[in-house]
Each structure stands twice: as C-alpha cells, then as structure tokens.
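Trainee: Chain by chain, the residues run as shown.
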Amino acid sequence: MARSLRILGQSMAYALFAALLGYLSVAPAYSPIAANNAVVTLSFAHSGKRVAECRTRSAEELAALPPNMRNPLECSRERSPVTVRFAVDGEVRYERVLQPTGFSSDGTSYVYAKTPLPAGRHTVSLYLDDDSHHTGGVYEHNAVVELRPQQILVIDFNPDTGFILR
Amino acid sequence: MLKSVQALPRILLAPLQRGLQRVFGADLNPMYHLGALTIFFFWVVLVSGIYVFVFFETSIFGAYRTVEYLTHDQWYLGGVMRSLHRYASDAAIVTLALHMLVEFSAGRYRGARWFSWFTGIPLLWMVFPLGITGYWLVWDQLAQYIALATSELLDALPIFTDPMARNFLTPDSLSDRFFTLLAFLHLIGIPIFLVFGIWFHLLRLSRARVNPPLRLAIGSLAMLLALSLLRPALSHAPADLGIAPRDLAFDWFYLLPYPLLDGGSPLLFWAVLVGFSMLLSLLPLLPPLRRAPPARVDPGNCNGCGRCFADCPFSAVTLRPRSDTSRHPTIAVVDPELCTACGICAGSCPSSTPFRSLEQLVSGIDMPAFPIRDIRSQSRIALDALQAPVKVLVYGCDHGIDVHAYNAAGVAAISLPCTGNLPPAFIEYALRREGADGVFVTGCQCGDCFFRQGNQWTDERVAGVREPHLRGNVDAQRVHIVWGAASDGAQVRRELDAFIERLRRMNSDSQATTAHG
Ligand code: HEM
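These protein sequence lines map, in sequence, to chains A and B. Anchor point for the first sequence: position 16 equals 13 in the numbering used here, and the numbering is continuous, going up by one each time. Anchor point for the second sequence: position 204 equals 212 in the numbering used here, and the numbering is continuous, going up by one each time.
Simulated from the structure, these hints should not be mistaken for lab results. Take the hints with a grain of salt, since some may be wrong.
Facing chain A, a subset of chain B residues (Cβ under 10 Å, in silico) [to be verified]:
#, residue
1, Ala34
2, Leu36
3, Val102
4, Thr178
5, Leu182
6, Asp184
7, Leu232
8, Asp255
9, Asp270
Keep in mind that this is a model prediction, so the values were computed, not measured. Note that CB positions come from ideal geometry on N, CA and C, so glycine has one too.
All chains should be built: construct the whole structure from the sequences, respecting the hints.
Mentor: This is the structure we're talking about:
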C-alpha cells in the first residue's frame, strides 16, 4: 500500500479509536432514577433497650470479686432487637426486625433502605419498637410530604426526638 | 468445543486485525502490542495524574474546586492533563479487553502458560477500582452516584457493621477523613499493587514487550492529545446530597457494571463478578492442555554456551554449574513446569547441526516429540521424493499457515512446533547437501508468534545477527522467509509460487552460463 494511503489509513484508525473513547466515556447518559421520581432514604443507627434490668450486687458478692472488678451494678449487655416499619400511602415499603450487632448482641442496630417514589404528595408512616418486653419504647410518626422530582428525603431517628425528616 | 469458543473472538476480531495490518503493517499492528499499549496508556495516566495531583486538594469541597480550576482556568495544560488522564485510562480498558480476547483466542493461556493468564485476573480487580475511585475523587454528581452505589455494594458484604452508605446521607455526614482514605487508595494504594501485579504478570516471560514500538506510542499519544483538546474532560455539577442525580455523562468503560446493580441485588452483582473471575481463573484447565514433553538436555552434547538460555521465551532454561567430569563449567537445565515445548532452544543449539556425521544425531538440547534427527531425516526423505525440476523445501510452524497444503511435485513441506525450532544450518544443509533449489520459511505473523519470539529469532539467525547464524556461503536468493497468520494461506502461496518461478529462472540462467562456459 502506498505510504500516503497507509498514513491516511492510520489516521483514520486513530480517529476511530478517539471517537470511541470520546463517545463511550460520556455517553449514552445514564439516569439511575426515573424522570419524575424522588428518593426516600430511611437510615439511622439506634441501640435497642437492654434486655434485662441491672441488678445491684450484695456486699458478699462484691467482696468475692477481684478489687478492680467490684462494680456494684451487674448488667446484662444484651440489647433488644429493633423493629422498624416504614409505609408510604398505606403500603409497607420496609419492615425488619434488626438484631443488635456485636458478639454479645450489645451493639447498635443499623438501618439503610432506599425507596424511589413518584414526586408529589405522600403520607409517610413510621414505626419503631426497641424494647423486646414491650414496656414502652414504641415510636410512631405520620407525616405528609410533598416530594419534588429528584429530591432525596432522608428519614433519621433519634430516641430523644423520634423520627426526623430532612 | 474449546476450539469453537476460541474461534468466536477470533472471527469477530479478524476484520479489525486485517484492517489494522493493512494500514499499520505487521511491525506496527496494534493488535500485536496490546499488553505493551496498555502499559503505555498507564504511563500517560501516571504522568498526567501527577500533574493533576500537584493542584488537587484532597478535601470534599477543595477537590471539586481544584479540578474545575484545572479544567477551565488552566485548560491549556491542567485541562489537557486531566483529559489525558481520563482518556488514557479509557484507552487502557480497550486495549486490556482486546489483550485478553487475543490471548484467549490464540490459545496462549494454557499449559505452562497458565501463569500469565492467572496473574492477569487480579489486574482486573485493580484497574477497575482505580478508575472508579478516580471518578469518585472529583466529587461532582457522578461521584455522588458512584459513592452511594459503591457503598451500597460494599454494605451487602459482611465488612462494616455501620453501613458505609451512611457517610453519604447528608452534607454533615461527609468527612474529609473518608476522602483522604479514598485519595490514598487512588493515588498510592491501588497503583502500587498494580505495578507489582504487572511485574508478577510478566515474571515468567523473558523479554516481555512492555513498550510498544515508538511510532505506535507517538501516534497513540497524539491521538489522546487531539481528543483532549477537542473534547476536554468535564465535571458534572458539584455533588448535592439532597438531589438524586440524573442524566449522568457516564464512562461506560469503567462504570458498565453499575447500571446492572441498579436493576438487581448487590449480592447477585458480587456473585456475577466473583463467578466470572473464577471462570476466568479456571479457563486454562477447561480442559487442561495435553502438553508435549518438555525439552531435554543431553549432558554429553551440551557445552553450556547459553544460547538456549538466551533464546527461551519463557525463561524455562537456566545455566547451572556442572557436577560431572565435563570440561565445560555450566550446563543448561530445563524447568519442565515452564517449558512450552516450542523447540526454540533446540533451534538455538550449536550442536543441532545436520552436517554432523553421526548416525544418531543428538543435540545438546532437544525436543523428545520431534527431535532434530527426525527433522533431518524427514527433510531428506521429503526432498528425495520430489520429482519436479525445481525442488523447494518449505519449513512452517504448527500455529501459522498449514504448510502441508503446499506439498506438490516440486514442494515438500515440514511443519515444526515453532519456526524458531529450525536450526539455520538446516537451510544450508537442504541447499548444499540434499539438492534443494530453494528453502522457503514461514510461520506465525511477525510480532504475533505463538511462542512469542520464534519468528524474530529466525529472522535474526538468517540475517546473521544472532547465533547460531546462517553461514555466508548460502546463496541468499535461494532462501525466502514470509510470515503470515493461519488465514494468510493464499497470499503466502502466491509468494511461494513467485519464489519457485524466480528459482526456475535462476536455474536456467546458471545452466545457460555453464553451457556457454
Ligand atoms: C493491567 C493489565 C495488563 C497488562 C498491562 C498486561 C500486559 C501484558 C504484557 C506486556 C504481556 C507480554 C506480551 C509479550 O511480551 O509477549 C502480557 C502477556 C499476557 N497477558 Fe497480559 N496484561 C494485562 C492483563 C491481562 C489479563 C487481564 C489477562 C487475562 C486474564 C492477561 C493475559 C495475558 C497472557 C495469557 C499473556 C501471554 C503469556 C504468554 O505469551 O505466554 N493479561 N500481558
């Protein structure tokens, strides 16, 4: 093949490669959520109530312990699982009984759940129970939210204030 | 079954391969330099990355700002460097994918060669995270998507108790420390592993081609530069954790798996990824290659000259001190695990000469399946059987054109495991001793030798620049070398016919001269 033709051919090959790189590095565009959707993310960290009340040790019991371990309260470390329910417009979207983390089941329970929702007005109902003895420890929250397209609504939880929508 | 699976990528790549061969020629055909081109693109990534890093601020808001500064205020250098960094990374994925397909379809991954294949797989697990963390560092909307999607993927594995995705819930959950960790991974952690990984990948190859030909490197760099100037790499809007991004300008080279994730479960995603890697790892065993017996050293004929050591493409031959009574200090030793039975060592051995008048020709290093003495006897028998006035002996290889198809009244063909298996003295022997009018040598396409270096060594031995060389008393016009892929049979046949025609003219010219004399 003539030199000039070869050079032309090589330039075309490079141009095609460049076109492939230039195109596929930015296109076709990708949309992780549908056009009119918003996202509700339910996520928080929360420790359930302790399963057993702490017990006060008697003087004899304390004396039997090594001096550095004489804690007057004996507490079981195990925590209750946390039950979480999340419904939108009456339809349950997330419902779990979250076991406490850690070897001694004494750790925090974590929630992370994402739900896409069409933009517009929705009723959000939330429920949390962190006490396996069911002596209180139930949190409930209902709210009407107006979601914009692409909005991310985060639902957090804090035992002092209950559910927080932001 | 395996043959047809291997044929599929070969058939798909054939038009590309042929097209590039026509315009680049055999020497520069990028398809023969895919591993080296991948390394070259990583060099470009490294140099451009260092430049970008000089200006880069590894904090959440600083990152976006500094990349924007480079892209817009310093577009002529910083912007070009950023674009080079992106496009060279993408180009590396293209050449890497082709590299895998080519090695697979050529069957260069089984038997003793499993190691390069196997050690290539972890490189995939480094290259993709390298690119993904790179996009993450920009902290724009694409980065935000990658951050959340990757975290959700990792959260599906029992690694963290506190889900990683919770770092990206709201602006106040973001931390610069996390960002520093990410920058460490992208800038130092993964690159270091990658460099070691590539070194390991090439460990069993001698003279691995780690650099593409200069002209190919210059052309590729010019292409990347032109693309960087024409379509500079840009960021999306800055990340905003309150807004779910849409219409992302997506880098499909690195991010292709993510959309699959959005449609399915993260565990399925990991299962597919791990399953695919395991399948790739097992590929050299599906089914295991029936290996020809490895090269064998004959201590009585080995003088420890080291040519086999120098020529073995797979570092299977070493020189060790001798323990016998020989006056030579060293002897060649073959590691059977590394030997691919190509026979290049036998072709390089100075004792592999057919002129030796031994009844049982024994070479210092030889292939038990097709020893030098069999090549000699087959050459003799084949030439003896030729009837035509012009007699041509063709030496080919089992991985190039099927030379047996050329057998004819005046043509006798012998196929060797690799053309590099042919000691050059055989050419002289056929011409001067056995009455051949010409010797025609062919084998895999230049630069694409199945055993990596067989055709290069043959060229150099015949040209007299590599030992053992073809002696000067051979009429160079009666030796013709043509390299070609298995599919180039017709083209090579035309060359053979033209060669025979030339020999016929040479013969009649010399007869005329003799008659006149
Ligand atoms: C970062 C990515 C990679 C780079 C830079 C790279 C580079 C190279 C280079 C330079 C060679 C030597 C070529 C020669 O001199 O003949 C090579 C050979 C090879 N590579 Fe890769 N490679 C990469 C990934 C892979 C992957 C992912 C696979 C397959 C899973 C693979 C399979 C092979 C095989 C089978 C050989 C040939 C070994 C032989 O001829 O026996 N490589 N690679």
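Trainee: Please go over all the hints and tell whether each is borne out by the structure.
Mentor: Each hint tested on the structure:
Hint status for Ala34(B) relative to chain A: violated, with the closest Cβ pair at about 12 Å, above 10 Å. Checking Leu36(B) against chain A: minimum C-beta separation of about 8 Å stays under 10 Å; hint holds. This hint holds: Val102(B) has a C-beta 7 Å from the nearest C-beta of chain A, less than the 10 Å allowed. The criterion of a C-beta within 10 Å of any C-beta in chain A is met by Thr178(B), whose closest approach is roughly 6 Å, and the hint holds.
A distance limit of 10 Å between C-beta atoms decides the matter here; for Leu182(B) the minimum to chain A is near 13 Å, and the interface restraint is violated. For Asp184(B), the shortest C-beta to C-beta distance to chain A is roughly 21 Å, which exceeds 10 Å, and the interface hint is violated. Taking 10 Å as the C-beta contact cut-off toward chain A, the hint placing Leu232(B) at the interface holds, the least distance being around 8 Å. Using the Cβ-Cβ criterion of 10 Å, the hint placing Asp255(B) at the interface with chain A is satisfied: the shortest such distance is roughly 5 Å.
For Asp270(B), the interface hint holds, since its Cβ comes within 10 Å of a Cβ in chain A; the closest pair sits about 5 Å apart.
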